[in-house]
Amino acid sequence: MTITYREALRMGLREALARDPRVLLVGEDVGRYGGTYAVSKGLLEEFGPDRVRDAPLSELAFVGAGIGAALGGLKPIVEVMTVNFSLLPLDQIVNTAALLRHMSGGQFAVPLVIRMSTGAGRQLAAQHSQSFEGWYAHVPGLKIVAPATIDDAHGMLGAALADGNPVLVFEYPALFEMAGDLSTAAIDLARAAVRRQGTRLTIIAYGGCVPKALAAAEKLAGEGINAEVVDLRVLRPLDMDTVLASVRKTRRAVVVDEGWRSGSLSAEVMARIMEQAFYDLDAPVARVCREEVPIPYAKHLEEAALPQVDKIVAAAKGLFQ
Amino acid sequence: MIEFRLPSLGADMDEGKLLEWKVKPGDAVKKGDVVAVVDTSKAAVEVETWQAGTVEALLVDPGTTVPVGTAIARFLEAGEKPGAAPPAEAGRAAVAAPVTARLPAAPVAPAPLQAPGVARRPVSPAARRRAGELGMDPEALEGSGPHGSVTVDDVEKAGRRAGPAAAAPAVDRVAEIRKAIAAAMSRSKREIPHYYLSETIPMQRAQDWLAAENSRRPITGRILMAAVQLRAVARALAGFPELNGTWQGGLYQPSASVNTGVAISLRQGGLVAPGIRDVQDLPIDELMARLADLVKRARAGTLRSSEFSDPTITVTNLGDTGVETTFPVIYPPQVAIVGFGRVAMRPWAEGAGIVARPVVVATLAADHRVSDGHRGAAFLVELSRRLQEPEKP
Chain A
1 MTITYREALR
11 MGLREALARD
21 PRVLLVGEDV
31 GRYGGTYAVS
41 KGLLEEFGPD
51 RVRDAPLSEL
61 AFVGAGIGAA
71 LGGLKPIVEV
81 MTVNFSLLPL
91 DQIVNTAALL
101 RHMSGGQFAV
111 PLVIRMSTGA
121 GRQLAAQHSQ
131 SFEGWYAHVP
141 GLKIVAPATI
151 DDAHGMLGAA
161 LADGNPVLVF
171 EYPALFEMAG
181 DLSTAAIDLA
191 RAAVRRQGTR
201 LTIIAYGGCV
211 PKALAAAEKL
221 AGEGINAEVV
231 DLRVLRPLDM
241 DTVLASVRKT
251 RRAVVVDEGW
261 RSGSLSAEVM
271 ARIMEQAFYD
281 LDAPVARVCR
291 EEVPIPYAKH
301 LEEAALPQVD
311 KIVAAAKGLF
321 Q
Chain B
322 MIEFRLPSLG
332 ADMDEGKLLE
342 WKVKPGDAVK
352 KGDVVAVVDT
362 SKAAVEVETW
372 QAGTVEALLV
382 DPGTTVPVGT
392 AIARFLEAGE
402 KPGAAPPAEA
412 GRAAVAAPVT
422 ARLPAAPVAP
432 APLQAPGVAR
442 RPVSPAARRR
452 AGELGMDPEA
462 LEGSGPHGSV
472 TVDDVEKAGR
482 RAGPAAAAPA
492 VDRVAEIRKA
502 IAAAMSRSKR
512 EIPHYYLSET
522 IPMQRAQDWL
532 AAENSRRPIT
542 GRILMAAVQL
552 RAVARALAGF
562 PELNGTWQGG
572 LYQPSASVNT
582 GVAISLRQGG
592 LVAPGIRDVQ
602 DLPIDELMAR
612 LADLVKRARA
622 GTLRSSEFSD
632 PTITVTNLGD
642 TGVETTFPVI
652 YPPQVAIVGF
662 GRVAMRPWAE
672 GAGIVARPVV
682 VATLAADHRV
692 SDGHRGAAFL
702 VELSRRLQEP
712 EKP
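Sequences listed follow chains A and B, in order.
Reminder that position 132 of the first sequence reads as 132 in this note's numbering, one-by-one numbering, no gaps.
Basically this note's numbering = 1-based index in the second sequence + 321.
Excised from the complex, chain A in its bound form:
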């Protein structure tokens, strides 16, 4: 069955709501408007206002309410429209959701799923184009996942609800129109995935940069460099086994990160490669990140500020010549 990434997300939501009466969806415009990105279109009509609830314009309040609902025995899915707005409920996410199990000595779990869109590329300007997955991946107590395929867009939500602890699911508007086949493969929240087999170079990416990494690998293949592409999928905890197995095979790595370079997730991945596979490397690990500027509104400048296929190709070739 061929569907889009957006349809896969909606299908995952509908299945979750249908499967378990304790599941509810809360967020700004998720009900009557059908979601800012039309992901939840039709769900209010299907499941009613108790299960699909429009929230007032206070992320701090409704994320906190979601934590309370989770403590009270429900399985809430809270949608924060974009990661940019998640800075308002940051205290609830980091200080409460992530820490409550620890602070209560294991007495209270927070089975909460927070969905948010992230990333740039749609001319939404600096305040609506940021990528903070790496920030959240810094925090013990949170699980961070980044679906980059149709299967993961569909299946990661169900796996997140089954996890029993707070899981942040990052969705990529840049991929919403991407179409592909939905398989019946089981979806875990543990392993990175090799999306393309290769021998001479590993490109490590996640989320919206995975298709760019795959396109770069195709270009490189045309120039005689057979690149492997690893999709991290789970940003915390990182599955370094998969990454290291690939790097040990290819001996070279480029990490692609839509976040800013300094203190980024790419920095963490590179550091771990250096710690654990130094003697397998044939070149310093390279990376392609967002330029360290606020994302410009102008289209050509925005494109210049983001990781692009040509930049990945250039970084990869830099490891050979």
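One thing to keep in mind: the hints can contain errors.
[Stated by the list, open to error] Straight-line alpha carbon distances no greater than 25 Å define the calculated BS3-like cross-link-like pairs of lysine-lysine that follow:
| # | chain 1 | residue 1 | chain 2 | residue 2 |
| --- | --- | --- | --- | --- |
| 1 | B | K402 | A | K249 |
| 2 | B | K402 | B | K352 |
| 3 | A | K317 | A | K249 |
| 4 | B | K351 | B | K338 |
| 5 | A | K317 | B | K478 |
| 6 | A | K299 | A | K311 |
Bear in mind the hints are in silico, worked out from the structure with no lab data behind them.
Use these hints to put chain B onto chain A, whose structure you have.
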């Protein structure tokens, strides 16, 4: 100021190639710290310092071969200020051309991989490891990687070009060891007037004692007869200072501690005889552990400089190969060597009858400039007595 000079790591060593510095300027060092790794003709040896201080300067680059006695580093003594003494550049001046030529500073922007002033060829970690496996010097290769770095492919291509010769370093090492043994043994036979004595020692009690001891130990903690023999030699030497020491510059210097060199044959051929310190005081378990460690490291090529320079007597045991008696050659500047043959069942007169008993022939080769046969004989008798009282600590 302390000048740290390349020590002689054996009578056969007159130069060494500095492989690696283990310290850098500013590091504090204390007695016994490993300062550098030096390739002697026999092995890569970790060289220790016997003086404490702070490293002020390293005078020799890795890859350089220098004569024994060359100042290779400068240390500051406690409280001393840098620059208080004129720099001793002797080390640099005396050395042969370094393996890696120093490149002039590039007038344009330097390659980002290189710190200013450091002009060594970049070698990828994987290439360095592969080159090590092939016994090649990766810095001598042309690099095809980024910034001219040497990659795994470069090493493997060079390895293929070199063909079977790529495996040559092992052969070279064997030849070097042969040369070293030749030098030491020629000197020994040229300079040392050896005398030889032997004694057949009943080993029933030692064997029984060892079997009983080992039956209560885990397999990994079991003791070999070689350790029992080493202990007996060390304890017997207590009354024979003229057999335990070194002859240097026409003078004999007896040693208070028994630092026993153990002759270890290497799998690729040749042998080394690194030492275990203070054997006279070691409990048997500790001695066994040190012996096992020494053999392992000797074969892995990771011995320390003190282990080469310390020994005051050597023990060689050829029992493994099944010979009855050895006639060993003294390793200068030591003055004695004890040999053991195989522990074998032999007819043995006991009372009025003849019984089968395990016995071993112990031999002593000693330096007649320092001791006489009368004293050597008394030593072998004492050794025999000690081996028959294995239970005594």
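Each hint tested on the structure:
1. B:K402 - A:K249: Distance ~51 Å between K402 of chain B and K249 of chain A Cα, so the pair is violated.
2. B:K402 - B:K352: 20 Å, holds
3. A:K317 - A:K249: 18 Å, holds
4. B:K351 - B:K338: 23 Å, holds
5. A:K317 - B:K478: 21 Å, holds
6. A:K299 - A:K311: It holds: about 17 Å lies between the C-alpha atoms, which stays within 25 Å.
In summary, the structure is inconsistent with hint 1 from the numbered list given earlier, while agreeing with all the others.
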